[in-house]
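Trainee: These are the residues of each chain, in order.
2 protein chains.
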Amino acid sequence: MRLSQYFVPTLKETPAEAQIASHRLMLRAGLIRQTSAGIYAWLPLGLRVLRKIENIVREEQNAAGAIEVLMPTLQPADLWRQSGRYEAYGKEMLRITDRHDREMLYGPTNEEMITDLFRREIRTYRDLPRNLYHIQWKFRDEIRPRFGVMRGREFLMKDAYSFDLDFEGAKRSYRKMFLAYLRTFARMGLKAIPMRADSGAIGGDLSHEFVILADTGESAAFCHPDWMQADPLGERITSDEELSSFFGKYTALYAATDEKHVPGKAGIPEEQVVRARGIEVGHIFYFGAKYSEPLGAKVKGPDGAETTLEMGSYGIGVSRLVGAIIEAGHDGNGIVWPEPVAPFKVGLLNLKANDAHATGVVEDIYGKLQNAGVEVLLDDRDERPGAKFADMDLIGLPWQLVGGRGLEKGLVEVKCRKTGAREEISIESALRKLAG
Amino acid sequence: MRLSQYFVPTLKETPAEAQIASHRLMLRAGLIRQTSAGIYAWLPLGLRVLRKIENIVREEQNAAGAIEVLMPTLQPADLWRQSGRYEAYGKEMLRITDRHDREMLYGPTNEEMITDLFRREIRTYRDLPRNLYHIQWKFRDEIRPRFGVMRGREFLMKDAYSFDLDFEGAKRSYRKMFLAYLRTFARMGLKAIPMRADSGAIGGDLSHEFVILADTGESAAFCHPDWMQADPLGERITSDEELSSFFGKYTALYAATDEKHVPGKAGIPEEQVVRARGIEVGHIFYFGAKYSEPLGAKVKGPDGAETTLEMGSYGIGVSRLVGAIIEAGHDGNGIVWPEPVAPFKVGLLNLKANDAHATGVVEDIYGKLQNAGVEVLLDDRDERPGAKFADMDLIGLPWQLVGGRGLEKGLVEVKCRKTGAREEISIESALRKLAG
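Chains as they are written, first to last, in this note's numbering: chain E, -5 to 430; chain X, -5 to 430.
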């Protein structure tokens, strides 16, 4: 993509309304613009990141055997009356009345609707287990929306719902999601740690919040130092036994949010406990018959008896993750994207946009990178080098390829955004390095 | 995907509420379920079709130089007051009041919002032209929603908006979309014909509805017989001159909806005019300064003077297309998907699910097709052959691969859903044919 023909309105000034790093940087790098309080339009660069995150989430949900559907944003109020949550939900639920005075709402979550869809179609235990998920916009009418997409009102969420015949099945479904979540966040270059969360009386230990570590995180987190070396992508799990032992191993390692942390409980000397800041980006939750019971979602079991379904739900804040990833990866000059979610892999700077020869060489590099399938953003604007460097650092693509004076000798500068390391190498070496 | 582990609730009975073929078939084939009047949940098969259509639309928008963004579903009422449409829009606009009594609405379209985003960032003609599009859910509170996704209330639409300095530029932007639309629909296996539409006083001839031909279409359409041979995918257009002559050639061919048709105007003997039924699936529209003027969207021109932007908008009904494609392609047994939008390319039927040898052979075929990157749905359910045949015809995948008695001799039956042609061939030939 050519920056001269794109839509990336970067800002030099820090917007006054933005209190945290990710909000500031998303506005400054031209990823989003606010259109109402807590509601954002995603500009091209921001949308590319959002889609990359969404795709990683999708791939890992599919790999775990979950099935994608898509429920609408608006829901009938009656469904929520059946579960008893319509009145209970409070003012965060955006209530809507249509032209025929029917009561509706903008879905903040989908337990009722998915349970309704499932109960209408599934009659027998032979159609179990199932895990259905969707990735859809939701709305929570926060009283004070802030922190940009980290606590917006209209937000994109992946929510999955598992249906099982019994608790054993529900436990297996839960563990599959536990693994999928660890893999999902690891693939985004994040250190995500599941922390035991409240699940009320029914859940036992089957409720975890996934917290990613970021110096500027919203809350304190405490964990066993082994978490720092944990590599969920290195685990090969092909059977229920392996899944069970994986779950056992990872839940045995201490991890707690501020509210839950009890000094001395980590099983290691307190001074070895890692203290960090964290951001919640996912939550998995077993809730048994909480919705299937009031909504009457049952199947015939192997013994012919009607059995109420056992359920769990599994959420990931997809739009929130864009902010969370920036909180976990930025410096004084701007964003530092992990490569798997970066809007482009390479930023190619033409510092001599007015020089025909130099421009020809840069265009040739641009074409070669594109032909090799490398996502590259070419800064071909008629701007001073200083402005180009500043914008490229702000946007935070993993690699910068700078074509300047060295072009005459067939040399370009390659800079790693994360480490700041630069080297001047031949164009051929640079292409091998970035397209390899 | 294995049908035994999927979620495809097919229906034997025709639902009473469905009046047209596509609505009936989408319910019967388990593509959608209604969740409120005119609002649908997309089940796995339906969602796969929706995504394929969306991706073809996206690819052709990108190829035409349009830039993807994503605007939110909810909009502030104030923006619509600036354009004068807030009161004018009537009851089809879903008006919403949030917890702070702010007036909002569920966007039925996005002219105001995109103009606002653009005016905030773009200051000079050097940043023109631009065409920004998004693919987002919209809402129109139809008084009598019906015909399934063909006239639903919550619907998925691609809407693009072009910004140019002058009329010449706007015309070029319009022609690019005209070409992109013809390519988009042709890639979906549809015969789409642009019909001149009203554009008020300003537009001149720059307003076209794209109508696809379907025997069960909602309205009558009349066109020159040359449209039947037109092949927009065969056109190679690399310059403004070629684009202009393409536009001239295609707009010279007569085409008119029922309302616009004037016998004798086609330029050929009236009996040669093709009379068909059609369904509107897209609309492109030049509207000049209709929104940029009241919203004050201006840039500095080359002469330094402030110039009001020239705009156009370009819509495709993405969710509507799912229904329209079924209207254009079905028979008495079910849906007949064009391959580019089919949920899977191949349906593989194991008629001997209780026979270990046969099942082993079918599983091997399944694995080989998947490894070759072929999207295949395996009917591995414990059902009678008749039920499997009926469901597979109903679902309408382009190719059926039937493993039955012939498996012992290494033979399978390949059936083309569209023509009904069958042949019994060796497994190797079948794999070559379908994975080639």
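If you're looking for bench data, these hints aren't it; they were derived computationally from the structure.
Among the clues, some could well be false.
Put simply, identical chains are the same to the list, so a pair is met inside one copy or across any two.
[What the hints assert, rightly or not] In the DSSO-like style, the derived pairs of lysine-lysine whose C-alpha atoms are separated by at most 30 angstroms in a straight line are:
no. : residue 1 : residue 2
1   : Lys292    : Lys6
2   : Lys346    : Lys427
3   : Lys339    : Lys46
4   : Lys346    : Lys185
5   : Lys294    : Lys346
6   : Lys46     : Lys185
7   : Lys185    : Lys403
8   : Lys46     : Lys132
As the structure is a computational prediction, the values presented were derived from the model and not from experiment.
Trainee: Now tell me if each hint is right for this structure.
Mentor: Consistency of the hints with the structure:
{"no.": "1", "hint": "Lys292 with Lys6", "result": "between (58 angstroms within a copy, 22 angstroms between copies)"}
{"no.": "2", "hint": "Lys346 with Lys427", "result": "within (23 angstroms within a copy, 53 angstroms between copies)"}
{"no.": "3", "hint": "Lys339 with Lys46", "result": "both (12 angstroms within a copy, 26 angstroms between copies)"}
{"no.": "4", "hint": "Lys346 with Lys185", "result": "neither (40 angstroms within a copy, 48 angstroms between copies)"}
{"no.": "5", "hint": "Lys294 with Lys346", "result": "between (73 angstroms within a copy, 26 angstroms between copies)"}
{"no.": "6", "hint": "Lys46 with Lys185", "result": "within (18 angstroms within a copy, 34 angstroms between copies)"}
{"no.": "7", "hint": "Lys185 with Lys403", "result": "neither (42 angstroms within a copy, 54 angstroms between copies)"}
{"no.": "8", "hint": "Lys46 with Lys132", "result": "both (19 angstroms within a copy, 23 angstroms between copies)"}
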